[in-house]
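4 protein chains.
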Amino acid sequence: MTENVLLRNVLSEFVGTFLLCFIGLCNVAQFHLGRGVFTVWIGVNIGWGFAIMFAVMATARFSGGHLNPAVSLLLWSLGHLKLGYVFLYSIAQVAGAFVASLAMYGYYYEAFQAYDGGVRAVLGATGSAGCFASYPNPYLGFWGPYVDQIVGTAVLAYFLCVVIDERNQIPKVWHPMIFGFLIMMIGTAFGMNMGYPINPARDFGPRLFSFFVYGAGVFQEPYTGYWLAPIVAPLLGSLVGGWLYQFSLGMHNPEIEEERAQQEKLLA
Amino acid sequence: MTENVLLRNVLSEFVGTFLLCFIGLCNVAQFHLGRGVFTVWIGVNIGWGFAIMFAVMATARFSGGHLNPAVSLLLWSLGHLKLGYVFLYSIAQVAGAFVASLAMYGYYYEAFQAYDGGVRAVLGATGSAGCFASYPNPYLGFWGPYVDQIVGTAVLAYFLCVVIDERNQIPKVWHPMIFGFLIMMIGTAFGMNMGYPINPARDFGPRLFSFFVYGAGVFQEPYTGYWLAPIVAPLLGSLVGGWLYQFSLGMHNPEIEEERAQQEKLLA
Amino acid sequence: MTENVLLRNVLSEFVGTFLLCFIGLCNVAQFHLGRGVFTVWIGVNIGWGFAIMFAVMATARFSGGHLNPAVSLLLWSLGHLKLGYVFLYSIAQVAGAFVASLAMYGYYYEAFQAYDGGVRAVLGATGSAGCFASYPNPYLGFWGPYVDQIVGTAVLAYFLCVVIDERNQIPKVWHPMIFGFLIMMIGTAFGMNMGYPINPARDFGPRLFSFFVYGAGVFQEPYTGYWLAPIVAPLLGSLVGGWLYQFSLGMHNPEIEEERAQQEKLLA
Amino acid sequence: MTENVLLRNVLSEFVGTFLLCFIGLCNVAQFHLGRGVFTVWIGVNIGWGFAIMFAVMATARFSGGHLNPAVSLLLWSLGHLKLGYVFLYSIAQVAGAFVASLAMYGYYYEAFQAYDGGVRAVLGATGSAGCFASYPNPYLGFWGPYVDQIVGTAVLAYFLCVVIDERNQIPKVWHPMIFGFLIMMIGTAFGMNMGYPINPARDFGPRLFSFFVYGAGVFQEPYTGYWLAPIVAPLLGSLVGGWLYQFSLGMHNPEIEEERAQQEKLLA
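Sequences listed follow chains A, W, E and X, in order. Note that the first sequence covers residues 3 to 270 in the numbering used here. Note that the second sequence covers residues 3 to 270 in the numbering used here. Note that the third sequence covers residues 3 to 270 in the numbering used here. Note that the fourth sequence covers residues 3 to 270 in the numbering used here.
Misleading hints may appear alongside valid ones.
No copy labels: a pair is met if it fits in one copy or bridges any two.
The list that follows gives simulated cross-link-like pairs (lysine to aspartate or glutamate, DMTMM-like), each with its CA atoms no further than 25 Å apart [claimed, not checked]:
#1 K84 <-> E259
#2 K84 <-> E260
#3 K174 <-> E259
#4 K84 <-> D167
#5 K84 <-> E168
#6 K174 <-> E257
#7 K174 <-> E260
Hint data in this document are derived by calculation from the structure and do not stem from the laboratory. Nothing here was measured: the structure is a model prediction, and the numbers come from that model.
Build the full structure now, drawing on both the sequences and the hints.
Laid out in structure tokens, this is it:
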């Protein structure tokens, strides 16, 4: 047994993000490479949701199963994690997502070959780089991806705070499933602009891997610098959403013993 | 911490309805503006269901998470809320839905531009006002929307009363998920006529906001006065459904200790 | 409060079957009349599943929520219900389904008018009687519907016995949701031949009502006597499935205290 | 009551695999023979998932509900089952799947006749052998199916170990539902290459049955020897996935009493 708790937690973030991204990326590949025959959009949403559920279930007892630098950063800002660990966890998360991309590419290699005849293109009719990282819908301008990811990750962070606020009395056994449903919900509502990465590791790790497959285009298309948006914006959005919870509801949330008495005053 | 319980509850209704409608409206926009590529109808049903689940989960400990004037009115009629609070809650709910519309419009602004080239129309081939408020299916006559909303909201209210009836022994931790499943069910069965607003705040708040985008058409199409139906009818339907529960089942529901003995008499 | 337990239970079967069939029939009408735009098949499966979940949840504390003569008959055969009550419950169930058909027809009347221009036909391009009762896929011969309904109802009855067998230790709060999932499963696997009525009340009640709308054709198409199959076969299938459980698993199911010791013998 | 525990467990594996495969195969047949009208891919995923949930629920108290030789083998390798029993269970599982194929063929016989006019073909425009066993997507080479099944079954085995690891404190009442969600997830992510048999009994039992319907082609198409892949690879993949869990997480998983203290060290 690994006695070093920190090492164990870093390992768990690596493993958990690998599991999450391997399953999630295969899900996206099945949608993209299958040209809509094998999955409809709600299938992608459900698949990613269960991927979160199971990856969190596997790692919750170790590191808590953040699996997302934006989540680790939020938990630091809430006083649940040392800042140094945020960096370590983030590195482990990106590494897990990188290895997951390799695994997905190996697993679906023949499907990629069948899809584009062996000539990889980032975008366009035979483009398949969207199986790895996000690319914005053409209607989005420069700031669109920032807005999108701040909002999407804020929704994630807001409800994450709802679930882990112990005064809300949501039993721990429910947490992985609830996080899965949360990701399903985000996919049905906030997926059209650019997919819903809402996780710097999930986007950057696979993009870095795809550089070795597609070349520099993955950092240049649809415009140079796009790739920064799904890294920077989720980190910001997570803080926005998490603290929005604290200000809008969390700081007013009554202690458990107070609640009943107070609500009774409202009855006629 | 906000010591004033009433203020806290009003805040919670504002916040909860904002969350519900922001997520739900983005879901509808993804369906409508995506022209069916990004979502199928069951995806809309699932997304709205989870939006209810999470918005109720976030606010249940405060105000109970009504998020709907029709629900607040019903709870008054059952003796669980003072009438004055129904008005306060309703104002907060409409305000939350109004702000949610603004947020959705900002979030999907570029998708709107791509959809109609920048020329907003209420209905028709490039019409998009249906992303905000409900518009009836053309086959409906004047009273159709009233019937539709009375029925849809009655189903909501009926099962809401089943769930909160303590003799039915449904643990509180299940309530948000059950309400989510309830909305999914209503969407699969009662959505064709006019979508399923079944919530005056969810319909009127966004319609009011859309007035500033689309102009007076949102109150005039498809005919003047339509917009009143999804306000008036849910209030009536909620009372109908809630009291139908009381008369059909609730008033006959045995106390917990009585039940076992009574059922045993039926055995051979 | 109704002190007479029998009367209360009969009422509950009437109300529960009304709720189940009203929601379920509206679901089917949305699929059928919407010509596939408003629902896909999995949406029908999910909607019926939740309809079962909520109708059982509402009535479980009264009569147990059979909502199906085939279930009541099975429970009689297992010694949980007097035979006379099976008849009373069945009448209440058929009556509930009949009234539900009236309610659905009123609710979607304008959609029916738009669908067929006001000329009701049982089958064919503008046929809509399938919104009420089942009609077999044309490839089925005379005995096909019997086989189909015996199998489908046997699956229902088999797992119903799994769930209510107390040695399986499935908490009562899970039962309604599990029954909902069960119906979703049956719809995904056993729906192609003729829909999956698997409930004499759900089929006969609405068929009887549709006689007043469509005329005698509902009892004559696609051939005279078809309508008996979804009445007779589920009653038989329920007994087959329920007793198959008893013979295949139930009678070998160890008491709770015995189990642990016995399983330990198998370990190396 | 069957006092012989081993016999009872073997019976339970036979019955459980029959239930799983009968429901699952009917689900696949509905998708395949219905030519996409009656089900979309997510419907297949959901249906198989619930089939696992209910088949495990029915048999969990007996043999634990393996229903898959790859799972039995894994549990042997973890020290939970004697090797001799793995063979006995596997024979029972294959037999259950064989009988399930017969039952499915009988149930949907008329649908098969309508689909191909009575002339059975393994593959091609009127081919229907895919209703019984898996056939690889044409883009797969010789080793593709091995990779696919090792990976798919490893995912199954990995999370199975997460769920049954008692230190993860997942209550037994949740297990069948979680296994159902797990299969849904695998279907959304790992289904495109060849369906997702991930179970030697589920593939070989029906393939053997289909030999009597389609002839030797079921063991020769698309190439001789293909049929071995979904037998051999899941057995290997299950061991890979199960031990990957032990090495990556399981052996580092802290005892319950240790955990709280250790995590507290990480807080600032």
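Against the structure, the hints:
Within a single copy, K84 and E259 get their C-alpha atoms only as close as 31 Å, which misses the 25 Å cut-off; across copies the closest is 23 Å, which meets it. For the homomeric pair K84 and E260, the shortest alpha-carbon distance between copies (21 Å) is at most 25 Å, but the shortest distance inside one copy (32 Å) is not. Taking the closest pair of Cα atoms, K174 and E259 come within 25 Å of each other both inside a single copy (20 Å) and across two copies (16 Å). Proximity of K84 to D167 under the C-alpha cut-off of 25 Å is restricted to the intra-copy arrangement: shortest distance 19 Å within a copy versus 29 Å between copies.
Taking the closest pair of Cα atoms, K84 and E168 come within 25 Å of each other only inside a single copy of the chain (20 Å); across copies the shortest separation is 29 Å, beyond that limit. Taking the shortest Cα distances, K174 and E257 sit within 25 Å of each other both inside one copy (19 Å) and across copies (17 Å). In this assembly of identical chains, the alpha carbons of K174 and E260 lie at most 25 Å apart whether taken from the same copy (23 Å) or from different copies (17 Å).
Every hint, counting from the list given before, is met by this structure.
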